[in-house]
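Please take these sequences and the hints and turn them into a complete structure.
Protein chains in written order, with the numbering used here: chain A, 212 to 535; chain B, 212 to 535; chain C, 212 to 535; chain D, 113 to 215; chain E, 113 to 215; chain F, 113 to 215.
Possibly wrong hints are sitting among the right ones.
Distance windows between CB atoms, simulated [unchecked claim]:
1) F:Arg211 / B:Phe295: 28 to 38 Å
2) B:Leu239 / F:Asp196: 26 to 36 Å
3) B:Ile224 / A:Val451: 17 to 27 Å
4) C:Asp372 / D:Ser157: 45 to 55 Å
If you want the footprint, here are the derived chain C segments under chain B, 3+ residues with CB under 8 Å [to be verified]:
5) 247 to 261
6) 312 to 325
Taking lysine to aspartate or glutamate pairs in the EDC-like style, the calculated list, with each CA pair at most 20 Å apart, reads [stated by the list, open to error]:
7) E:Lys114 / D:Glu163
8) D:Lys114 / F:Asp206
9) F:Lys114 / F:Glu189
10) F:Lys114 / E:Asp135
11) E:Lys114 / D:Glu122
12) E:Lys114 / E:Asp206
13) E:Lys114 / D:Asp206
14) E:Lys114 / D:Asp196
15) D:Lys114 / F:Glu122
16) F:Lys114 / E:Asp185
17) F:Lys114 / E:Asp182
18) E:Lys114 / D:Asp185
19) D:Lys114 / F:Glu189
20) D:Lys114 / F:Asp182
21) D:Lys114 / D:Asp206
22) D:Lys114 / F:Asp196
It should be emphasised that the hints constitute simulated quantities derived from the structure, not laboratory data. Note that the structure is a prediction, hence the values are computed from the model and not measured. Ideal Cβ placement from N, Cα and C applies to all residues, glycine included.
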Amino acid sequence: MGDVISLAGQNLISPMILCFALGMAAALARSDLSFPEAVAKGMSLYLLFAIGFKGGVGVAAHGVDTGLVLALGAGVVLSAGLPFVAFGLLRVLTRLSVTDRAAVAAHYGSISIVTFVAASALLQGQGIAFEGYMVAVAAAMEAPAILAALWIISRAGGRPDDSPGLWREILLNGSIVLLVGAFAIGWITGEDGLADISAFIEAPFRGVLCLFLLDMGLVAGRGLRQARGALSAGVLGFGVVMPPVGAAIGLGAGLVIGLSPGGVALMMVLAASASYIAVPAAMRVALPEANPAVSLTLALGVTFPFNLTLGIPLYLAVAGAVAG
Amino acid sequence: MGDVISLAGQNLISPMILCFALGMAAALARSDLSFPEAVAKGMSLYLLFAIGFKGGVGVAAHGVDTGLVLALGAGVVLSAGLPFVAFGLLRVLTRLSVTDRAAVAAHYGSISIVTFVAASALLQGQGIAFEGYMVAVAAAMEAPAILAALWIISRAGGRPDDSPGLWREILLNGSIVLLVGAFAIGWITGEDGLADISAFIEAPFRGVLCLFLLDMGLVAGRGLRQARGALSAGVLGFGVVMPPVGAAIGLGAGLVIGLSPGGVALMMVLAASASYIAVPAAMRVALPEANPAVSLTLALGVTFPFNLTLGIPLYLAVAGAVAG
Amino acid sequence: MGDVISLAGQNLISPMILCFALGMAAALARSDLSFPEAVAKGMSLYLLFAIGFKGGVGVAAHGVDTGLVLALGAGVVLSAGLPFVAFGLLRVLTRLSVTDRAAVAAHYGSISIVTFVAASALLQGQGIAFEGYMVAVAAAMEAPAILAALWIISRAGGRPDDSPGLWREILLNGSIVLLVGAFAIGWITGEDGLADISAFIEAPFRGVLCLFLLDMGLVAGRGLRQARGALSAGVLGFGVVMPPVGAAIGLGAGLVIGLSPGGVALMMVLAASASYIAVPAAMRVALPEANPAVSLTLALGVTFPFNLTLGIPLYLAVAGAVAG
Amino acid sequence: MKMHDAKRVEILVEAMMETRLTDALGRAGVTGYTVLPVSGGSGRSGPWSREGQVGRAAGMVAVVCLVRPDRLDPLLEAVFPVLDRHIGVVSVTDTQILRAERF
Amino acid sequence: MKMHDAKRVEILVEAMMETRLTDALGRAGVTGYTVLPVSGGSGRSGPWSREGQVGRAAGMVAVVCLVRPDRLDPLLEAVFPVLDRHIGVVSVTDTQILRAERF
Amino acid sequence: MKMHDAKRVEILVEAMMETRLTDALGRAGVTGYTVLPVSGGSGRSGPWSREGQVGRAAGMVAVVCLVRPDRLDPLLEAVFPVLDRHIGVVSVTDTQILRAERF
Ligand SMILES: Nc1ncnc2c1ncn2[C@@H]1O[C@H](COP(=O)(O)O)[C@@H](O)[C@H]1O
Ligand SMILES: Nc1ncnc2c1ncn2[C@@H]1O[C@H](COP(=O)(O)O)[C@@H](O)[C@H]1O
Ligand SMILES: Nc1ncnc2c1ncn2[C@@H]1O[C@H](COP(=O)(O)O)[C@@H](O)[C@H]1O
Ligand code: NA
Ligand code: NA
Ligand code: NA
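Printed below as a string of structure tokens:
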């Protein structure tokens, strides 16, 4: 227990977390500090490319076994199943409409790649190994949650727009393509490829992550400021209750398929995190009546900071204790 | 004396200065070379973050003493006092209106963070130590000059717009918040934090600074080209006379509070430099009748290049001789 | 022969080529993966600055001899002569109008700096030396081809817009000014200058190049998708026939002036490559009736990938065999 | 100079719907349009800004079409189903154009 | 398709005044507006461009409001004091909108 | 509020021609104009987008000029030769402006 607290404490005063806090504080104080959209996108492309590539190199180094297939399968099942858990929990905790509940559920079944990146940076900082293919699991978990939410809403009499164009958009959305593509390139080129470009994708990685988290803090803080009122206590409560629930389910899945302690921790992180890029965009097309302010503010303004500060160290400690 | 000249000579053929010169030459020759606004802002965010962070780490390493408080106080006094000197000098040298004189005076009381960055890069290149908290002094010197200028203009019968909103804007403007925030993060996380991200904020720093100076050369050159005519000989003269005057006053302040030779040099640089980001924006709001072409072209097109090429080596040499 | 194939094979599975392929595949599959314009421009400014600077440092290190002057002269002659070859070849292979043929010919007389950068990265990876001034030759080869094409079109009764403004624009276009300026700065500051900023312009270089090629793949793929139909089989054929023809002529030029094997290879690459930045812009002004989709898609969608994958290893092998 | 009557249709639509909108325009035979970026705004669902954003969920674009008056109705009929359930504002202004042969 | 009369108000204003302007719009009950970026221009104070700029002093934005005709006067009255001493150009154009229930 | 008749001239022109166009405007005595970025579009020569582009060959800008009605003809006459052989669309809309003394 003392370990959890000290790990959480250390985590809280890392440059990454402090950068996020700085951004959030600046936005709440209405500072005009901001990153241009193009710079934010550029950093995000860099992070996706680097994390995908390094994941692929990891697979090239340690070979691929049935673990990869099992983990992908577990990820898909989690992503498709968690929305039902979230949808139920939302009914208990909030008065949101069915449409809004389905939209929020899709966000929580899916994953936040930056939470994943922050967690793997923490693991690396502590010298804890994990399976390189977990980044592919992350990619596989983006879409099934959307399918699940659309199924939920259809059954409830809703009328989602699920034209074929939507599916191409979801499966070929930029972040999935870049993540999976970089993973494949890392896998193909292996250690040689990494040696070629490691001064670009490894050395500055944590620094770029800090600046990106600063930007995310700014956007999250601005969202919270503008959405005050739209979020009831029940909705806010869901934002901190759902992550540990998801993590517990992710823990089970990780143990069942026999991941390493680091891998189990990352599976917990994926299950606990909520999408704030791919799913919001898909929901605007498929469920335009859902209020984007609710799900986006919840995912980015409540769950993301919760995971970043308390969640990740907690999941790490639990994974270490249970799977270690 | 020979030393000053050789130092200035070395400085003049450094990549930094040559990049600025390239940008200025390209703009004057009407080349279409240009940096996208987002890239320029991205580089500026990077530089502010890096310089603030490293300053904070410096304070964490060497501890904090009364020196910090004294230096902050000296900075505030300089920033509030220099506008009066500038205002007087402008009356002697130019025929500018009272409003324009007050606006220019605000720019010269405040500071240019890139001049500060260039000077500290030069100090580091020469192995001269300086107080890490000088970056906090730079931040503290941004705003008082604006207050002084508004006081001047009010007393002269002017009608500045000094609504409370303005003050929040000035004190929480993006560059101050980022600089001070990064400083605080560097201070809190110390050497460990620096080790975490030094490959991002230290290794590429000078290279990014070169490209940023290239961009500044482009903007300064374009400003000079477009403002030809708006600047009389007297105004141009002020642009090169005021920096050494400010530096001399900064020298006195630095000696009185007992800074190291490197710290004295930086105090001189701060006093000698003129704001071209925060103050111009504040003046558009508070003194809309002031002609922005005059003060901005003067600060960026005359004083900035003067300090970059001749001023900084001169201040360094003087500080070394007097405080060394 | 086996060597050529193994070199080409190695090249094909390098991160650089795979990134380009990823971009092209994503665009053809209509993924929404994209780089903001500002990020693409930022990467291009970085690459031009770095390659120019390193070229200048190379000249500073090895001194300058008549070789530089000869190579510049050869470059100018090639750039002015190749459009005639291309124009003739287009008459045989395609049914394009005279205007379109002249426009395409201008692209192929001029050069693609990214092809040059990719080739020099490959040379460096193999430890093959080359003359630093080749980057100046690249710059010198941008403009003469435009002059040649305008001469062709005038003789054919066309009416190009060759106002003096056009010439300033062509000679002072941003990429030439940056390349030549950075080359000059590298030359002036030499190894000391490089040491100052090598962590910025050398270490991350290949990684940035990978991301830039990914973006180029996206743009090239989108162009191919949108221009299907505009390109006949003959036009496509020209896109893969002209590069080896140009390379053969470049080989002759390189041998005559006595370049090193690495220098000969780069001269071949320059002759084989086609401009997709400077010349398209100049053609819009000077020959507005030419269809930009034809020449741009050909240069970026056909010739660029051909050179990147097969051309460069081939030219390298030939240069090694003949000049080695 | 000879001018011709035309309509300037300005469609403010959420960014995610841009491709669907331009596809619908294409199907309605409107091949001429220009897309302008939008940096922020405010509506019944509150204010928003693109600053620092990575995702495309919050954000709009402005699509401007100049059309001959007789082409207006097919255009609006094509556009309407796309916007129906989505955020979007359509305005139509009388204008005059040079070089009408292009439209 | 059923269209409704409206006014398209286009306010070109220096970037530093954007928040003050939109706050004033909000106080006047105008919650619908869209902000477009501006990359350069020229006026009595000479030409300017955003290229390579870091500071916000030189630069403008375009704020477009579609309003019902009867809301025009309160809007202009709210906007005027903000622009009074500042760089800004206001134009009002007759237009027609779809879905007027939104305005 | 007192409004004055004016013309809103919107010129969509390929980016390479921007300087030539604004120079021509200047020579015709039109010193007030504002340039808006354009992110994509479509015309007879097919669709295009600025995304990921480095070169300036594919791309347009929108130049907006507000002028007094009597200044319209000289403006159009100055603009026409620049656009003649180039991609460009010009529309002129009746509008009303505040603070006409500025124009
Ligand atoms: N009256 C209006 N004038 C201009 N833009 C508007 C107007 N109403 C809405 N918008 C734009 O449409 C977006 C969504 O509007 P709404 O659906 O009302 O939240 C806003 O954020 C604005 O960008
Ligand atoms: N007549 C006009 N038409 C369009 N934009 C204008 C006009 N006059 C001024 N502007 C814009 O307002 C800015 C400031 O104008 P000024 O205050 O006249 O220098 C200019 O740089 C333009 O961006
Ligand atoms: N009717 C139109 N309405 C708006 N923009 C247009 C129109 N026609 C052409 N454009 C713009 O002008 C560009 C070139 O048109 P074009 O010369 O027809 O290929 C297009 O890509 C659009 O950006
Ligand atoms: Na999840
Ligand atoms: Na100062
Ligand atoms: Na060539």
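Taking the CB of arginine 211 of chain F and the CB of phenylalanine 295 of chain B, does the distance hold inside 28 to 38 Å?
holds (36 Å)
Measure nothing beyond the straight line between the CA atoms of lysine 114 of chain D and aspartate 206 of chain D; if it is 20 Å or shorter, mark the hint as holding.
holds (16 Å)
Take the C-alpha atoms of lysine 114 of chain E and glutamate 163 of chain D, compute the straight-line distance between them, and say whether it is at most 20 Å.
Violated - the C-alpha atoms of glutamate 163 of chain D and lysine 114 of chain E are around 36 Å apart, more than 20 Å.
Starting from lysine 114 of chain F, check that the Cα of aspartate 185 of chain E is at most 20 Å away, please.
Holds: lysine 114 of chain F and aspartate 185 of chain E sit about 10 Å apart, inside 20 Å.
Hint consistency between lysine 114 of chain D and aspartate 196 of chain F [alpha-carbon to alpha-carbon, up to 20 Å]
holds (14 Å)
Is lysine 114 of chain E within 20 Å of glutamate 122 of chain D, Cα to Cα?
holds (16 Å)
Quickly compare the C-alpha distance for lysine 114 of chain D and glutamate 189 of chain F to 20 Å and report which way the hint goes.
Cα-Cα ~11 Å, so holds.
For the pair supplied as a hint, lysine 114 of chain E and aspartate 206 of chain D, confirm whether the alpha-carbon distance does not exceed 20 Å.
holds (16 Å)
For the pair supplied as a hint, lysine 114 of chain E and aspartate 196 of chain D, is the alpha-carbon distance within the 20 Å limit?
Given that 20 Å is the threshold and the Cα spacing comes to 14 Å, the pair holds.
Is lysine 114 of chain D close enough to aspartate 206 of chain F, meaning Cα to Cα at most 20 Å?
holds (16 Å)
Quick check: do three or more residues in the segment 247 to 261 of chain C have a beta carbon closer than 8 Å to a beta carbon of chain B?
Per the Cβ count (9), the hint holds.
Please check whether the segment 312 to 325 of chain C has three or more residues whose CB lies within less than 8 Å of a CB on chain B.
violated (count 0)
In summary, the numbered hints that this structure violates are 3, 6, 7, 9, 10.
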